[in-house]
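Undergrad: The task is simple: from the sequences and hints, build the whole structure.
Line order of the protein sequences matches chains S and P.
Okay, so the first sequence: first residue is 1002 according to the numbering used here, each after it adds one.
Okay, so the second sequence: first residue is 9 according to the numbering used here, each after it adds one.
One should not assume that every hint holds.
Stated by the list, open to error - Each computed BS3-like pair below joins lysine-lysine, with the alpha-carbon atoms no more than 25 Å apart: (1) S:Lys1329 with P:Lys432; (2) P:Lys200 with S:Lys1168; (3) S:Lys1329 with P:Lys193; (4) S:Lys1102 with P:Lys109; (5) P:Lys200 with S:Lys1173; (6) S:Lys1197 with P:Lys200; (7) S:Lys1073 with P:Lys135; (8) P:Lys80 with S:Lys1329; (9) S:Lys1093 with S:Lys1365; (10) P:Lys181 with P:Lys255; (11) S:Lys1187 with P:Lys200.
What the hints assert, rightly or not - Stretch by stretch, here's where chain S covers chain P in the computed footprint (C-beta under 8 Å, at least three residues): (12) 121 to 134; (13) 303 to 315.
To be verified - Residues of chain S clear of chain P, computed beta-carbon distances all greater than 10 Å: (14) Ala1070; (15) Gln1179; (16) Leu1215; (17) Leu1218; (18) Phe1357; (19) Lys1376; (20) Ala1381; (21) Gly1389; (22) His1393; (23) Lys1396.
It should be emphasised that the hints constitute simulated quantities derived from the structure, not laboratory data.
For every residue, glycine included, the Cβ atom is placed at its ideal position computed from N, Cα and C.
The lines below spell out each chain.
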Amino acid sequence: MTTEFSSSSSSSSPSDRRIGALLRHLTAGSDSDNLSSVYASPTSGATGGSVFAHLVQAPEDPILGVTVAYNKDPSPVKLNLGVGAYRTEEGKPLVLNVVRKAEQQLINDRTRIKEYLPIVGLVEFNKLSAKLILGADSPAIRENRVTTVECLSGTGSLRVGGEFLAKHYHQKTIYITQPTWGNHPKIFTLAGLTVKTYRYYDPSTRGLNFQGLLEDLGAAPPGSIVLLHACAHNPTGVDPTIQQWEQIRQLMRSKGLMPFFDSAYQGFASGSLDTDAKPIRMFVADGGECLVAQSYAKNMGLYGERVGALSIVCKSSDVAGRVESQLKLVIRPMYSSPPIHGASIVAVILRDRNLFNEWTLELKAMADRIISMRKQLFEALRTRGTPGDWSHIIKQIGMFTFTGLNPAQVSYMTKEYHIYMTSDGRISMAGLSSKTVPHLADAIHAVATKTV
Amino acid sequence: MASSMLSLGSTSLLPREISKDKLKLGTSGSNPFLKAKSFSRVTMAVAVTPSRFEGITMAPPDPILGVSEAFKADTNEMKLNLGVGAYRTEELQPYVLNVVKKAENLMLERGDNKEYLPIEGLAAFNKATAELLFGAGHPVIKEQRVATIQGLSGTGSLRVAAALIERYFPGAKVVISSPTWGNHKNIFNDAKVPWSEYRYYDPKTIGLDFEGMIADIKDAPEGSFILLHGCAHNPTGIDPTPEQWVKIADVIQEKNHIPFFDVAYQGFASGSLDEDAASVRLFAERGMEFFVAQSYSKNLGLYAERIGAINVVCSSADAATRVKSQLKRIARPMYSNPPVHGARIVANVVGDPTMFGEWKAEMEMMAGRIKTVRQELYDSLVSKDKSGKDWSFILKQIGMFSFTGLNKAQSDNMTNKWHVYMTKDGRISLAGLSMAKCEYLADAIIDSYHNVS
Chain S
1002 MTTEFSSSSS SSSPSDRRIG ALLRHLTAGS DSDNLSSVYA SPTSGATGGS VFAHLVQAPE
1062 DPILGVTVAY NKDPSPVKLN LGVGAYRTEE GKPLVLNVVR KAEQQLINDR TRIKEYLPIV
1122 GLVEFNKLSA KLILGADSPA IRENRVTTVE CLSGTGSLRV GGEFLAKHYH QKTIYITQPT
1182 WGNHPKIFTL AGLTVKTYRY YDPSTRGLNF QGLLEDLGAA PPGSIVLLHA CAHNPTGVDP
1242 TIQQWEQIRQ LMRSKGLMPF FDSAYQGFAS GSLDTDAKPI RMFVADGGEC LVAQSYAKNM
1302 GLYGERVGAL SIVCKSSDVA GRVESQLKLV IRPMYSSPPI HGASIVAVIL RDRNLFNEWT
1362 LELKAMADRI ISMRKQLFEA LRTRGTPGDW SHIIKQIGMF TFTGLNPAQV SYMTKEYHIY
1422 MTSDGRISMA GLSSKTVPHL ADAIHAVATK TV
Chain P
9 MASSMLSLGS TSLLPREISK DKLKLGTSGS NPFLKAKSFS RVTMAVAVTP SRFEGITMAP
69 PDPILGVSEA FKADTNEMKL NLGVGAYRTE ELQPYVLNVV KKAENLMLER GDNKEYLPIE
129 GLAAFNKATA ELLFGAGHPV IKEQRVATIQ GLSGTGSLRV AAALIERYFP GAKVVISSPT
189 WGNHKNIFND AKVPWSEYRY YDPKTIGLDF EGMIADIKDA PEGSFILLHG CAHNPTGIDP
249 TPEQWVKIAD VIQEKNHIPF FDVAYQGFAS GSLDEDAASV RLFAERGMEF FVAQSYSKNL
309 GLYAERIGAI NVVCSSADAA TRVKSQLKRI ARPMYSNPPV HGARIVANVV GDPTMFGEWK
369 AEMEMMAGRI KTVRQELYDS LVSKDKSGKD WSFILKQIGM FSFTGLNKAQ SDNMTNKWHV
429 YMTKDGRISL AGLSMAKCEY LADAIIDSYH NVS
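TA: Now the structure itself:
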């Protein structure tokens, strides 16, 4: 494709407001020194320019953009520790055996059709998901106080929940951890909520700033929404202890703060589905209300199928029924109804005792491999005599390690060692293997021993 | 399960067993706020803080999807579901295309992985979908002037586009046909894009109010977005003629409006993919910049897979690149990236010449069945209705739906007396009609039309 550098014809927009928007975007920051060609085709529009002239090139998403950059790198030693997608010891993506079995079952079923799901999604999937996260014996389920809707993985569940709260909840502020997953603030802002943060990570201890957390939540206006990572905090890997969770629960209930759990790693953090759901179940046990966003991207390896669920635990089944009807009004103008394939796979697995057990074994194997990578990396740094305390690598939980590296160090590791991670120093342990641990350890050693 | 600890003091915590009748959580507006202080481990069922969602009212059922729910609940054996636009066979069964089953088997055999798609979706799908719409050799494609991202069927694609309009064309209005698909307004409302209507349906002729349409498009503030149905207008089934499309393009260009096509039935209306894309291609020929939302729900029967695309035709490749990047920025906080399954099916079918040919044949079959059933319904009406009413509008309409001209009361009669389920605007889905039921339906329509006002 030939590039032509020509100045685009000015005053292309017919209305003042577009020129205004154009000026705002020009001053907000220019796009790269990319080509800016305007094809003067014989059939150009009447105005001669583009109505999109004022749209600038958006930067790549900070997390997903890491994979984009990684893909472009020709180096044979490149390592992608960006997005949290599980890799095998051979560095390959993994589709669980139990998922393949479920898919085969679905294909063999000649009665299967592709009719629109209801707006709330696959009903059986919804029920099984609620049981999975809340516990089959949960009183909230028994009392019919939970409404569950199938959504587009974790992101979609958070977005639908956020829009619902923005429409119907009296407090429009949500508190998110400092730091948190990069997409959280955008999701809730676009949902119509005001986003504030509460202290969470303590860089000096590489652990939880519990005092700061209690202070900030204590100072939040009563009724505020609070986003909680159910387990395996992203990006830090630092989770409260059970005792700390209990204190958080009491504080939140005393201030009427609304818990909104993000559960993206159930079973993936400790290897046990029940253990990883404990904080949520503690909150539900006290009879109070909460929201829970569930994702099956990691724990069932269903990333691209976009399977998740939003559950809202209410005080009564009557309220739950009304809440569900309003959730439908949020979903219908967004995408009408959710996709069937991933949810069907989950339903097949959760409803069948054998498949469920197989799943828990495969899940534990993934969690164990990650724990093993942590140990290997820690060991490798110890052997190299890398300066600093790296014990957080084995203390942190879940898919990620918050290395404590700064953006300059991260940049250096990418440039010199072709190691890709998010600029906050978060690495996905799931992307490591025994073969690649030495390379990563060398890189960390390099930045730890030189001034970058 | 651990028992909850009660702290003496201001916190009010519920013991485990909460019996509903002991709680006064009603909707009467009373405020049951009884704090509990427990001095022993005897748990008392007490009401504590009321629900935070107490004030939420029960939303009405969706006017379109709610029809199917009501139909399911009906036990009458004569019942007929002409509500939602989902294709049914002559036996009134849902239909999964053979070519879709083929593609799914291939995908499973190949052992495709389930990694996240990029935010913009499956590249092979995006390429295929733009080519289907414009034609593979079309200048807009050769010149890379189309920004395409995979979307959650038609609805999701419309919503992402609406969000782009809200962000980059603040204050701009979308002008939609009167009537239009019921969900269009909801989409623009939730996206906070103002809308108004252009005249479209003329109840006197049960046809197109073309002069009204042109006048209203002309009246709209310069630079408005004009929502157009590419083919098989929903709910009326009334499409402009090719000559009328030319005039519509003229007035849109005159006012520097931005066309926004909703293409949910490409191939399904006439049976031909190319013919059904004629309106879109006319606008592309003009060199205009415009939006097109696509859906594969009907033409590939992929309803529940939620597969579609938003295409933005721009005047330059550079603009298309920038627009695409901004579409991604909208999708990421909505659902991160789209579902892979439906996209792979489309890419496989379109990418393989044999399967593509098979798809075209199945699509012709589906469109053909609908045309046949239209004719049968018309014949039944003409033979049974002695009033001399002109029912030919049924034959002139195209696509899945027919706008019967029945008003709300008459539509209610169809349901209440005849157990025929349809939407209140008088729309029936011919896709849900069998030859065997045409006479029954004709009776119902004639009765509702003549005996109810």
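Undergrad: Give a verdict on every hint.
TA: How the hints compare with the structure:
no., hint, in the structure
1, S:Lys1329 with P:Lys432, "holds, 20 Å"
2, P:Lys200 with S:Lys1168, "holds, 13 Å"
3, S:Lys1329 with P:Lys193, "holds, 15 Å"
4, S:Lys1102 with P:Lys109, "holds, 17 Å"
5, P:Lys200 with S:Lys1173, "holds, 18 Å"
6, S:Lys1197 with P:Lys200, "holds, 24 Å"
7, S:Lys1073 with P:Lys135, "holds, 20 Å"
8, P:Lys80 with S:Lys1329, "holds, 19 Å"
9, S:Lys1093 with S:Lys1365, "holds, 18 Å"
10, P:Lys181 with P:Lys255, "holds, 21 Å"
11, S:Lys1187 with P:Lys200, "holds, 17 Å"
12, 121 to 134, "holds (count 7)"
13, 303 to 315, "holds (count 7)"
14, Ala1070, "holds, 13 Å"
15, Gln1179, "holds, 19 Å"
16, Leu1215, "holds, 15 Å"
17, Leu1218, "holds, 14 Å"
18, Phe1357, "holds, 19 Å"
19, Lys1376, "holds, 27 Å"
20, Ala1381, "holds, 27 Å"
21, Gly1389, "holds, 33 Å"
22, His1393, "holds, 27 Å"
23, Lys1396, "holds, 25 Å"
Violated hints: none; the structure is consistent with every hint.
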